[in-house]
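Quick note on the numbering used here: the sequence shown kicks off at 3 and runs consecutively.
Treat the hints as calculated values from the structure; they're not laboratory data. Be careful, since some hints might not be right.
Here are the simulated distance ranges between beta carbons [stated by the list, open to error]:
| no. | residue 1 | residue 2 | range |
| --- | --- | --- | --- |
| 1 | Thr-261 | Arg-129 | 43 to 49 angstroms |
| 2 | Arg-103 | Glu-132 | 19 to 25 angstroms |
| 3 | Ala-250 | Arg-186 | 33 to 39 angstroms |
| 4 | Ala-155 | Ala-93 | 19 to 25 angstroms |
| 5 | Arg-9 | Gly-275 | 47 to 53 angstroms |
| 6 | Asp-122 | Arg-210 | 49 to 55 angstroms |
| 7 | Asp-59 | Thr-261 | 26 to 32 angstroms |
| 8 | Glu-74 | Glu-247 | 20 to 26 angstroms |
| 9 | Ala-217 | Pro-15 | 36 to 42 angstroms |
| 10 | Glu-214 | Arg-9 | 24 to 30 angstroms |
| 11 | Pro-147 | Ala-257 | 34 to 40 angstroms |
| 12 | Pro-207 | Glu-132 | 48 to 54 angstroms |
Built from N, CA and C at the ideal position, the CB exists for glycine as well.
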Amino acid sequence: MTGVERRPFGPVPRDVSVIGQGTWYIDDAHRPTAVAALRRGLDLGMTHIDTAEMYGDAEEVVGEAIIGRRDELFVVSKVLPSNASRAGTVAACERSLARLRTDRLDCYLLHWPGSHPLEDTFAAFERLREQGKILSWGVSNFDVPDLEAAWAAGGEGRIACNQVLYHLEERAIEHAVLPWCEERGVAVVAYSPFGHGNFPGQRSPGGRVLEEIAASQGATARQVALAFLVRRPTCFAIPKASSPEHAADNAGAGALKLTQAEFARIDAAFPLGSKPSRLPML
Numbered sequence: 003m004t005g006v007e008r009r010p011f012g013p014v015p016r017d018v019s020v021i022g023q024g025t026w027y028i029d030d031a032h033r034p035t036a037v038a039a040l041r042r043g044l045d046l047g048m049t050h051i052d053t054a055e056m057y058g059d060a061e062e063v064v065g066e067a068i069i070g071r072r073d074e075l076f077v078v079s080k081v082l083p084s085n086a087s088r089a090g091t092v093a094a095c096e097r098s099l100a101r102l103r104t105d106r107l108d109c110y111l112l113h114w115p116g117s118h119p120l121e122d123t124f125a126a127f128e129r130l131r132e133q134g135k136i137l138s139w140g141v142s143n144f145d146v147p148d149l150e151a152a153w154a155a156g157g158e159g160r161i162a163c164n165q166v167l168y169h170l171e172e173r174a175i176e177h178a179v180l181p182w183c184e185e186r187g188v189a190v191v192a193y194s195p196f197g198h199g200n201f202p203g204q205r206s207p208g209g210r211v212l213e214e215i216a217a218s219q220g221a222t223a224r225q226v227a228l229a230f231l232v233r234r235p236t237c238f239a240i241p242k243a244s245s246p247e248h249a250a251d252n253a254g255a256g257a258l259k260l261t262q263a264e265f266a267r268i269d270a271a272f273p274l275g276s277k278p279s280r281l282p283m284l
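All chains should be built: construct the whole structure from the sequences, respecting the hints.
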């Protein structure tokens with residue numbers, strides 16, 4: 003397995019690494035180690051980096067890690083719903099740019115639906131795009147009714163992606179959100195793709211399936227899990243790495259090709275379940 007696959011990212015006119023790098027809680031780690039982990043990921047082709055103003059000092063950690071490498075990256079950040087008025091969105095973006103030490107974001111997201119009218123948030127996004135401060139925009143944690151409202155407020159073909167909670171034991175987006183996005187050419191980005199501290203253990207039934215497939219593929223269980231989550235052409239994943247070694251393991255999923263039989267085994271081991279009344283989020 004070499005290299006990380008790149009694929010179209012919604013309407014964005016460039017291909018993006020299917021496995022990227024998440025940064026939630028990365029500022030809790032030893033800072034030099036966190037920076038080294040991000041840089042190792044970049045070296046291995048995980049040039050899609052996701053962060054947010056909500057993530058404490060994560061934007062500053064990313065800003066340090068990407069010095070001298072900005073042009074090879076696809077950098078995403080997010081505005082908090084409480085800041086997502088017209089003026090507040092612009093001001094929040096300026097703060098994120100300063101912390102990231104860059105003049106532009108490749109994509110800027112509304113972190114989850116809030117009280118400010120979507121028309122105001124998206125008008126601010128468009129203003130920032132016209133100024134070259136963001137190159138595209140999207141949403142996060144949007145269920146189908148939210149997506150319908152966003153599509154109406156922002157205009158057809160404007161939403162680049164919807165970033166959502168998606169891991170083997172939380173597949174709710176497959177009921178309606180993922181099909182909706184696929185039909186409209188909206189990228190789907192899986193955050194917390196290993197769960198939140200509850201990745202299937204080696205002795206669990208599902209964990210044994212992952213380990214068996216990993217052994218046959220010369221891979222790791224986490225690489226197998228990531229490959230399953232990005233099996234559809236609109237899907238991306240942004241695992242966080244706490245060390246350069248973890249970053250290298252994540253990057254190894256970027257070229258892993260599972261068989262249809264292996265996908266079926268994983269699907270049976272981690273069943274979809276019934277559709278929830280509300281889209282889950284962390």
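These are the hints, each one checked on the structure:
1. Thr-261 to Arg-129: 43 to 49 angstroms: 47 angstroms, holds
2. Arg-103 to Glu-132: 19 to 25 angstroms: Holds - the Cβ-Cβ distance for Arg-103 and Glu-132, about 23 angstroms, lies within 19 to 25 angstroms.
3. Ala-250 to Arg-186: 33 to 39 angstroms: Holds - the Cβ-Cβ distance for Ala-250 and Arg-186, about 35 angstroms, lies within 33 to 39 angstroms.
4. Ala-155 to Ala-93: 19 to 25 angstroms: For Ala-93 against Ala-155, whose Cβ atoms are near 21 angstroms apart, the range 19 to 25 angstroms holds.
5. Arg-9 to Gly-275: 47 to 53 angstroms: 27 angstroms, violated
6. Asp-122 to Arg-210: 49 to 55 angstroms: 50 angstroms, holds
7. Asp-59 to Thr-261: 26 to 32 angstroms: Roughly 42 angstroms apart at Cβ, these two residues miss the hinted range, so it is violated.
8. Glu-74 to Glu-247: 20 to 26 angstroms: 22 angstroms, holds
9. Ala-217 to Pro-15: 36 to 42 angstroms: Given a distance of about 40 angstroms, which is inside 36 to 42 angstroms, the answer is holds.
10. Glu-214 to Arg-9: 24 to 30 angstroms: 28 angstroms, holds
11. Pro-147 to Ala-257: 34 to 40 angstroms: 37 angstroms, holds
12. Pro-207 to Glu-132: 48 to 54 angstroms: Check passed, 53 angstroms falls within 48 to 54 angstroms.
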